[in-house]
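Novice: Residues per chain, in single letters:
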Amino acid sequence: MTKTSEVLIITKNTNGIVARIMLLFNKRGYLVQKMTAGATNKEGYARLTLSVEGDEQILHQIQKQVYKIIDVVKVKIFPEENVLRRELMLVKVNSSPGTRSQIIQIADVYRGKILDVASNSIVIELTGKVPKLRGFLELMKEYGILEVAKTGTLAMSRGEKI
Amino acid sequence: MESKTISGAKILLECLSRLGVTDMFGYPGGSVLKIYDELYDFKKIKHYLARHEQGAIHGADGYARSSGKVGVCLATSGPGVTNIVTGIMTAHMDSVPLLAITGQVQTALLGTDSFQETDIVGITIPITKTNYLVTNIRDLPRIIKEAYYLSKTGRPGPVLIDIPKDIQSTEISLDEFEDLFKKDFILEGYDPIYKGHAGQIKRATELIKSSKNPLIISGAGILKSGASNELLIFAEKINCPVTCTFLGLGGFPSNHKLMLGMLGLHGTVPSNYATKQADLIIAAGIRFDERVTGNIKEFCPNAKIIHIDIDPAEIDKNIVSNVPIVGDLNNVLNKLNDNLQNLAHEEWIDKINTWKKEYPLIIPENHDNSLVPQYVFNKLNTLLKEDTIIATDVGQHQMWTAQFINFNKPNTLISSGGAGTMGFGLPAAIGAQIANPNKNVVLIVGDGSIQMTIQELILLKEYNLPIKIIIINNSCLGMVRQLQEVFNKKRYSQVDLTYNPDFVKIGEAYDIKSMKLSTKEDLNENLENLLNLNEPVLIEFVVDKNQNVLPMVPSNYSIDKMIGKKGVI
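So the protein lines, in turn, are chains D and W. Position 107 of the first sequence, counting from 1, maps to 107 under the working numbering, and the rest follow consecutively. Each position in the second sequence, counted from 1, maps to that position plus 1000 in the working numbering.
Simulated from the structure, these hints should not be mistaken for laboratory data. Glycine included, each C-beta is placed from N, C-alpha and C at the ideal position. It is possible that some hints are incorrect.
Unchecked claim - According to the in silico footprint, chain D covers these stretches of chain W (three or more CB under 8 angstroms from chain D):
| # | stretch |
| --- | --- |
| 1 | 1062-1076 |
| 2 | 1311-1321 |
Said to hold, decoys possible - Computed Cβ-Cβ distance ranges for the label pairs, DEER-style:
| # | chain 1 | residue 1 | chain 2 | residue 2 | range |
| --- | --- | --- | --- | --- | --- |
| 3 | W | T1107 | D | R28 | 28 to 34 angstroms |
| 4 | D | R28 | W | L1110 | 28 to 34 angstroms |
| 5 | W | Q1106 | D | T127 | 23 to 29 angstroms |
| 6 | W | K1297 | D | K161 | 36 to 42 angstroms |
| 7 | W | H1256 | D | E43 | 54 to 60 angstroms |
| 8 | W | D1113 | D | I104 | 50 to 56 angstroms |
Sequences are here, hints too, so could you generate the full structure?
Specialist: And the structure:
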């Protein structure tokens, strides 16, 4: 059964490592929906979280193929349960003196932060699970969304293990 | 005065030499000037000058395949390195241990589109095991050691090291070099598994014991791990028929009574039938390529599968196995041999033997004196000595070689399997002869493919390589012609090579003894003598262009649905 899963890749932060990983996905025809990359607590290493689409067999293949990249030190497919998933989003929406307070109220309900208020627009920062962000965007449509920037899903297991 | 410093270029040669490299293939140019300057009086490595970079990389490949050593190739930046890309891909597809050393423009010019600059690291990411751009001379000793180790361990493969000009000419003190060389490298994410999992081996043992119709499919992994001997013991102990993939030929003796020949697209009928009817497939070092499986959904429908491979990523890639074992075949087969007692599968073997009788390989009869290629191959098989190394190019002659020539010893077939690279044969034969000066090397090649790297002929003369070149000249691109005959209603599109050069004259122009053989009489009178000469010889066979490689499995068909089982379509 095809589903979206998060793949965690921990790798030495060498030149071109993201290109290596993305070329592999390209070559094998794996579908990447989202990606986040950044440094970790261990110096010289990078942590990537990729949201990919595929069934069990494809996920296992991805895990093994990615691990063949010499600089990659760990690959893990996150299970559905016991994993924290978050995404950060910045949204710019149309606003007028008449709608501004409504937008701010809705953002409050979603625990969003107002980052910028201009005469005709407003920028909101929102963190959460994917459905929450989607729900918020649905509501914002009515006011007119001008711009959206998302980080992709970050994931971390509960408990002490990676 | 004794020099107390050492250049990057000299570090490269010194490290390679210390790692055991004695030969390299290459072609000079502006970005490797310093390396060639150091080579001028570096006596521990012999350099072979190809006439095109493609010749150099395939030469290193043939050298590696025939000896198990790491092949080394040197090329300059820009067009020099793009000319070796095909050869790197060829080695990558067939898991050949290669080191490609390439020159790069100086670090300060990187990224500026300077003369003969190309991003070869970027280009070769998908076709190397790994690759490096050296940006600091102090990394060079570690990178060379690491690259060499990576190329030959686990599942072998090509590794590329791109060295900018300024790194080649930078000097560091000898003491510092020695310190750097002594340092161990750490590869945190690389740890090939050699020992098979004991539990899995036990499960495999049980499956083997309970099987009535087992079949071993032996692949190139057997040759790479040097497991031919263990395989022979294994097959005889459990009395199990063996079929080989194309690149697996030589891993099990062709003349053994348990051997069924090659399987797959142009496999033998017994091999393909046995695969279809087996209740257990023991897949040893194969990757279930579509040339082997045909329509994968209908491949071995009745069989449980034990899949043994050193590369975990091969497990369940194309076919899901019942008992996967990740490990080195030599090791795993040895454990299985310890676990198993003698078994008998007489009924199964009798059945297979009736297929063998009913469907032998067929040499088409012709009533005049002219030559059909199958006749030539059959004759060659009787005349070639057992440990002869046979290199081929790609096409019909390659498949006839696989069908008609007996490969009784490991590493005697040198051919581009996964990539199917035309132009591979001649340079690879050269590499094989250089690695094996005391063995007979024969190149079998088509009139189409020899022309792709024909400039390498001069190396036979220059380096005194007594290779016997057999050109199977059917005046066409036979394999494509065959496909057009069968699938495109004989609409022969751009496959006619009536306008070929005179190959005998070409051979003579390169100062190689050359002869054209056009009749059975010619062949029977001359071939044996020519093969026994201790000098390079070029033999052109003029053969019937209408012959096809049979049997064949049409694309996407189940492998038992062969056409031409009796030699005609």
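Novice: Now, for every hint given, state plainly whether the structure supports it.
Specialist: Status of each hint after checking the structure:
no.	hint	verdict
1	1062-1076	violated (count 0)
2	1311-1321	holds (count 7)
3	W:T1107 x D:R28: 28 to 34 angstroms	33 angstroms, holds
4	D:R28 x W:L1110: 28 to 34 angstroms	29 angstroms, holds
5	W:Q1106 x D:T127: 23 to 29 angstroms	47 angstroms, violated
6	W:K1297 x D:K161: 36 to 42 angstroms	39 angstroms, holds
7	W:H1256 x D:E43: 54 to 60 angstroms	57 angstroms, holds
8	W:D1113 x D:I104: 50 to 56 angstroms	51 angstroms, holds
Checked against the numbered hints above, the structure violates hints 1 and 5; every other hint is satisfied.
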